[in-house]
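Which chain is which? The protein sequence lines are V and U, in order. Numbering of the first sequence is given in this note's numbering, commencing with residue 558 and proceeding in unit increments. Numbering of the second sequence is given in this note's numbering, commencing with residue 1027 and proceeding in unit increments.
Calculated from the structure, these hints are not laboratory results. Wrong hints could be hidden among the right ones.
[Said to hold, decoys possible] Below, in silico cross-link-like pairs of lysine to any residue (SDA-like), each with a Cα-Cα straight-line distance of 20 Å or less:
hint	chain 1	residue 1	chain 2	residue 2
1	V	Lys1002	V	Glu739
2	U	Lys1049	U	Asp1035
3	V	Lys638	U	Lys1217
4	V	Lys622	V	Val652
5	V	Lys665	U	Asp1403
6	V	Lys662	V	Pro676
7	V	Lys665	U	Asp1406
8	V	Lys1002	U	Tyr1210
9	V	Lys708	U	Arg1394
10	V	Lys665	U	Gly1410
11	V	Lys1011	V	Ala1078
12	V	Lys662	U	Ser1396
13	V	Lys665	U	Asp1397
14	V	Lys638	U	Phe1220
15	V	Lys665	U	Ser1396
16	V	Lys708	U	Arg1390
17	U	Lys1096	U	Val1062
18	V	Lys662	U	Asp1403
19	U	Lys1124	U	Thr1038
20	U	Lys1217	V	Trp635
21	V	Lys708	U	Asp1397
22	V	Lys1002	U	Tyr1227
23	V	Lys708	U	Glu1386
24	V	Lys598	V	Arg788
25	V	Lys638	U	Pro1219
26	V	Lys638	U	Asp1403
27	V	Lys708	U	Asp1035
28	U	Lys1063	U	Lys1217
29	U	Lys1217	V	Pro601
30	U	Lys1049	U	Ala1169
31	V	Lys1163	V	Asp1150
32	U	Lys1100	V	Gln983
33	U	Lys1217	V	Gln983
34	U	Lys1275	U	Gly1301
35	V	Lys721	V	Arg788
[Stated by the list, open to error] Pair ranges (Cβ atoms, derived):
hint	chain 1	residue 1	chain 2	residue 2	range
36	V	Ala1321	U	Ser1098	48 to 54 Å
37	U	Glu1185	V	Asp1028	41 to 47 Å
38	V	Val624	U	Thr1046	58 to 64 Å
39	V	Tyr829	U	Gly1193	41 to 47 Å
40	V	Arg619	U	Glu1208	52 to 58 Å
Note that beta-carbon positions come from the ideal geometry of N, C-alpha and C, so glycine has one too.
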Amino acid sequence: MSGSVRVTINGRTLAVPAGTLVTDAARMAEVHVPIFCSHQKLPPLGACRICVVEIGMPKRDREGKPVLGADGAPEIAWMPKPQTGCTTTVAEGMVVATESPGAVKARKGVMEFLLVNHPLDCPVCDEGGECQLQDLAFAFGADFSRMDEAKRTFVSEDLGPVVKKEANRCIVCMRCVRYCDEIMGDDALTAHQRGVRTEISSFDRRPLDCEQCGNCIEVCPVGALTALPYRFQARPWDLRQHVTICPWCSNGCSVRLGVRGAEILRARGTEYRGVNQEYLCVRGRFGYEFVNREERLSRPLLRAGGAHTPASFDEAVAFAAARLESIAATHGPEAVAFLGGEKLYLEEQYLFQKLARGVIGTNHVDARTRFVSPVPGAALLEATGGGRPALSFSDLERAEEVLVLLEDLQGEAPLAQAALIRGQHQLGVHLTVAHARRVKLARPKFRGEWLGVKPGGELALLHGLTRAALDAGDPPDLPREIAAGLPGLKGALAAWTVERAAEESGVPAEALRAAATRLRAAGRKAVLFGRGVAEHPKAVALLLAIGNLGWVSGALRSDGSRVMYLGPHHNSQGALDMGLVPDRLPGYVPVADPDARRPFEQQWGKSLNRVAGMTAPEILAAAAEGRVRALWIAGDHWLRSAPDRALAERALERAELVIVNDLFLTDTARHAHVVFAAAAFAEKEGTTVNCERRIQRAARALAPRRGARSDAEIFTAVARALGASWSHRGPEDVYREIARLAPGFAGTSWATLLPLGPQWSREAPVGGALAPAEDLRPAAGPADGLWLLSGGTLFLQGSLSHRTELLPRLAKPGRAFLNPGEARRLGVGEGEALELAGPTGALELPASIDDAVPPGSVFVPYAFPGVELNRLGSPAGAGLRVRARKAAEAERVER
Amino acid sequence: MRGPLLFSDIDTPGLASIETYRKGGGYEAASAMVGVKPPGECIDVVKASGLRGRGGAGFPTGLKWGFVPKDSPKPRYLVCNADESEPGTFKDRELMEKNPHLLLEGMILAAWAIQAHVGYIYLRGEFEYIQQILDRAIAEARAAGFLGPAVAGRGFALEIHTHLGAGAYICGEETALLSSLEGYRGQPRLKPPFPAVEGLYACPTVVNNVETLMNVPPILKNGAPWFRQWGTEKSPGTKILSVSGPVRKPGNYEVPMGLPLSTLIEEHCGGLLGGMAIKAVIPGGSSVPLLPASKLSTGLDFESMVAAGTLLGSGGVIVIDDQTCIVDALWNITRFYEHESCGKCTPCREGTYWMSEVFERLERGEGRESDIDLLSDVSDNILGKSFCALGDAAAMPVLGAIQHFRDEFEFHVRERRCLVNRRAPGLTERQAEAVPA
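Looking at chain V on its own, in the form it has when it is part of the complex (with noise of 0.2 Å):
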């Protein structure tokens, strides 16, 4: 459908595009036509009857005209029914009327009978004061009921943690069976009996076997589902309600936090805004309880000998700045290093490696705490394009073809799966998912393909499709920069037949040719990577290997990207484009080009070091070697992140000097020597960068914690106690130097980041050029052991989230999963505990059995409290594998 048909409107004539249904029509012509089964995300259904109007179309005689009437206007034949709004589409003429009397008829009709066995309970339900049906029933209804008869009743239920059900509200509009089997794909909710003992619940009425998102609470237009942890808690206008950017991945869902006093109370998706309008997922919906935590740091600590001892901010300032200044003074700048800040604003990225360069003078800079390997600071960037225009959530959920890879998005990015979800179901999109274990969107339910990849195949994959995908032609359109390559990818990719990627990948040469393939032929397509790839021992091969596929199969072309990284927080490409790396400045300026430093350099009135720094693995060994003596790690708890936790330790505990920013006094601050309490994400004002490279601004939504400070005034502070004349007065003063300098965000301005900003690009791309990597040969891991898969997990991501109290309890203790035959094979049961051990140590945990793992590996998702695999050893060359064995079986020979 094209072009746009003339509609009326209670009189108001507007043109809207073909195929628009009225109800969305009426919105445009700023007409109110309620709905509640209706919903922007889900198809037509009809069913509440609320949206009904009158429709009519002009009259035609025999040759097609229109009959007019006396009055020289065209006459209308009004259907002789009322139409639901939400399933008729707008025809060219369509006289749509709302307030006529049968439309008013009508409507109060089905008012009426929404109520008809509606408990009227509003003064005890939590949706009170911001339900539909209560606005309505104001809007719409009878001041007195006609309904005196015996009502319908249920017996409440809760359906599990985080649901609880009130079936005597509910109004059987089904948008929360429809969402969760349609865009959560999980199927947890169905309706039982029928007519007027409809009946919501699970299908078994136990607890909901499901991702616990509350997508089904929130999308109630009445309060029959509502939220346990907020039950009871407040009236929602009581609360201050503020929409900032979601904490927990780099999807950069808008959340609205509802705010009473110096305590977060809820967090909501918002209606028609964000990229996620009313989607979150469990931990943006449930986990903004660690804001609230009694353990928070009120105030900087100090520790000169053993213990910490509190200390003013002025007092933690001028003794970090004193001791920086020393130690840079004394054994050069390039003592000190600065990690982390992923989980920081752009603008105190920005600030963190503004006092890096531009005050200390080291480019020792790196957030990618968790990289194995020494990836350069655009690696990432160019694998997804260089900065070309890109791709979006909604061309995700339009596209023909996607291919994920390596990664399991429901705990990485649960956006990105809900619009795969949605897309698949409802749009057409095919999945190919390359991942070890048989994930979530695998399954057969998706319809897509599983690439069951071996662990340690990973590179003889992506050789495989690419050269599957080479083996049909050579790609069209490649910009000649990006063509010149082609004949040393060929060559490079000789040796790399389809049977010998299949062979050493595990999966069969017919898939990938087939995956292949379709991933040349769609029109609309995507290539999804995310940390699986980058935290990968064989990142840099892995990054390349990802941009050849991607301009040999189109997803990659000259005029925008398909390729999408998916960080592991949420600011983790803004962390990458404020260059917190350590061979670029922000904007992915190199810092060894003096002519593209310049302007950074007249800004910050320095000459800048011109060496590249070390990356964070790097400077994880120098530390530990004492060749870095200074240590200023920003919002990332470094002993759980770091690649090897035994070497993370002797580096604290050898380094001069650590500075920590965190809201906790967590494992790795234990080790400071200046703790700064740093404000959480909702008390502060900054912008965020999602995976989609989308600029959003979050809202302050409460002050911060007493004694806390943003990092940006840390950093300020700080710096301007090395001397350093930082003038700016807030982050919006920030962001315009960011503008200002960073290529990419010239012409971004503050004001215009709410609620959705742009996607950045950039004119000139960064790099770009077919290169084969120079380790074609996937190297073998260590010959026996198991393979220690890991990644991440919905419920929990990252120590913060073992500050809630609901996260860890939904996401039951942390478990090692093994392929049903290793389990017989070692012996070990269901809930016993295994022991694993890895080069460096050995951890405990129990086992559980789960066919999605395949055999010959342990699957240990990470993020879970106790559970540190970094304990066991840092992963080298194409992963780490680990001996398992039962753990009673252990003591008894060793006693």
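Start from chain V and add chain U according to the hints.
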């Protein structure tokens, strides 16, 4: 001979076996048409015959077949609606029980006309014994080469399967039937798209009633003019009417369309049992408005019934005598619709419940003056506002009853008892019978 067309040989012993069926000329139409005459010709003949759907809506069958897109790459399906769930209707049951092969031949011809290679017969759950009869007939037809990879020895494949519903009135509605057939909740779907374009498994589908399909073989064998010898211009052919109530000879009757209702009752059914008089007749199953005794001369055809303010519907003629309380009868009907409402849309789900509760109060002798207008208004708020016709089916009888028998409702309210059986308030019919006069 019980009737001119479908009932001409219905009582022939052993008609359910293929031998007997073929002796009477069975499968001759299928042999003559399938793989011989172009499908379009079959559709044209059926169009010319003026055959209208016998399930209730009276939609022209040939037109419906013609809506199936010719160029769709998807498979096409033929579905026989044998749910026969309309209260008062029991014609398809007898037809299928006694003459299953006629249905199969009708389906073979319809499938050829729309080029469907799979047909389903959706039977109501209680028709398990008919499923056995049909399955036997399907096996016979297959063995005789009228079903299977090459129907009548020509290159047209057709398989027919039977399927039992799970006991829901709404599954007689064609889109709810398709949902149920696919394994989902039996709830109606949005139209458009109509089943002819997106029906079973989102593929082009024709859904026809049993009686409709059974009319197809004789029409294609004898031609449209032959068929038009019965009935009226707009409602050609015959109709099988299921007559129930206190008539001397209740049962199924095949009569030419347009026969006056009074003739059916007085002549065919032998009039009412001794001493009783007609108060009203529900002419087309429980979902149509009743006709008062004053309108008994109305012709039994689609257009005459509409003119008289009711519908021919499925042909379930329910005769209500003067000893029957209209309020009681309507309560019974309303309770049925409350119980059978699928719950999808608000007006039907909530309205039928509400009406049922008000009726119950009237019956208890606790009715109020305002209840009669309330029932009218609630019915009016359902009528035309519900998702499918079930809501209308619940509303129309109540509106009709109040229009024609308002005095009985008023008596209930005023005297707190029934005008007809003088039952004391609060007593059920059974209890009242137990009380000595």
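Here's how the hints hold up against the structure:
1. Lys1002(V) with Glu739(V): 11 Å, holds
2. Lys1049(U) with Asp1035(U): Within the cut-off at roughly 11 Å; holds.
3. Lys638(V) with Lys1217(U): 15 Å, holds
4. Lys622(V) with Val652(V): Holds, at about 17 Å.
5. Lys665(V) with Asp1403(U): Roughly 12 Å between the alpha carbons, so the hint for Lys665(V) and Asp1403(U) holds.
6. Lys662(V) with Pro676(V): Violated: Lys662(V) and Pro676(V) sit about 23 Å apart, past 20 Å.
7. Lys665(V) with Asp1406(U): 12 Å, holds
8. Lys1002(V) with Tyr1210(U): 16 Å, holds
9. Lys708(V) with Arg1394(U): This hinted pair holds, its Cα atoms lying about 19 Å apart.
10. Lys665(V) with Gly1410(U): Holds: Lys665(V) and Gly1410(U) sit about 14 Å apart, inside 20 Å.
11. Lys1011(V) with Ala1078(V): 26 Å, violated
12. Lys662(V) with Ser1396(U): At roughly 19 Å apart (the allowed maximum being 20 Å), Ser1396(U) and Lys662(V) satisfy the hint.
13. Lys665(V) with Asp1397(U): The hint holds at about 19 Å.
14. Lys638(V) with Phe1220(U): 19 Å, holds
15. Lys665(V) with Ser1396(U): Holds, at about 19 Å.
16. Lys708(V) with Arg1390(U): Holds: Lys708(V) and Arg1390(U) sit about 18 Å apart, inside 20 Å.
17. Lys1096(U) with Val1062(U): 18 Å, holds
18. Lys662(V) with Asp1403(U): Holds. Lys662(V) to Asp1403(U) sits at ~10 Å (cutoff 20 Å).
19. Lys1124(U) with Thr1038(U): 9 Å, holds
20. Lys1217(U) with Trp635(V): 19 Å, holds
21. Lys708(V) with Asp1397(U): 17 Å, holds
22. Lys1002(V) with Tyr1227(U): Answer holds: Lys1002(V) to Tyr1227(U) is near 17 Å, not above 20 Å.
23. Lys708(V) with Glu1386(U): 14 Å, holds
24. Lys598(V) with Arg788(V): Distance of about 27 Å is beyond 20 Å: violated.
25. Lys638(V) with Pro1219(U): Holds. Lys638(V) to Pro1219(U) sits at ~19 Å (cutoff 20 Å).
26. Lys638(V) with Asp1403(U): 16 Å, holds
27. Lys708(V) with Asp1035(U): 53 Å, violated
28. Lys1063(U) with Lys1217(U): 32 Å, violated
29. Lys1217(U) with Pro601(V): 11 Å, holds
30. Lys1049(U) with Ala1169(U): 17 Å, holds
31. Lys1163(V) with Asp1150(V): 15 Å, holds
32. Lys1100(U) with Gln983(V): 19 Å, holds
33. Lys1217(U) with Gln983(V): 18 Å, holds
34. Lys1275(U) with Gly1301(U): Holds, because 15 Å separates the two Cα atoms, which is no more than 20 Å.
35. Lys721(V) with Arg788(V): 8 Å, holds
36. Ala1321(V) with Ser1098(U): 48 to 54 Å: Since the Cβ atoms of Ala1321(V) and Ser1098(U) sit about 50 Å apart, the hinted range of 48 to 54 Å holds.
37. Glu1185(U) with Asp1028(V): 41 to 47 Å: The hinted range 41 to 47 Å holds for Glu1185(U) and Asp1028(V), with Cβ atoms some 42 Å apart.
38. Val624(V) with Thr1046(U): 58 to 64 Å: 60 Å, holds
39. Tyr829(V) with Gly1193(U): 41 to 47 Å: Between Tyr829(V) and Gly1193(U), where Cβ atoms are some 42 Å apart, the hint holds.
40. Arg619(V) with Glu1208(U): 52 to 58 Å: Since the Cβ atoms of Arg619(V) and Glu1208(U) sit about 42 Å apart, the hinted range of 52 to 58 Å is violated.
Against the hints set out earlier in the document, violations occur for numbers 6, 11, 24, 27, 28 and 40.
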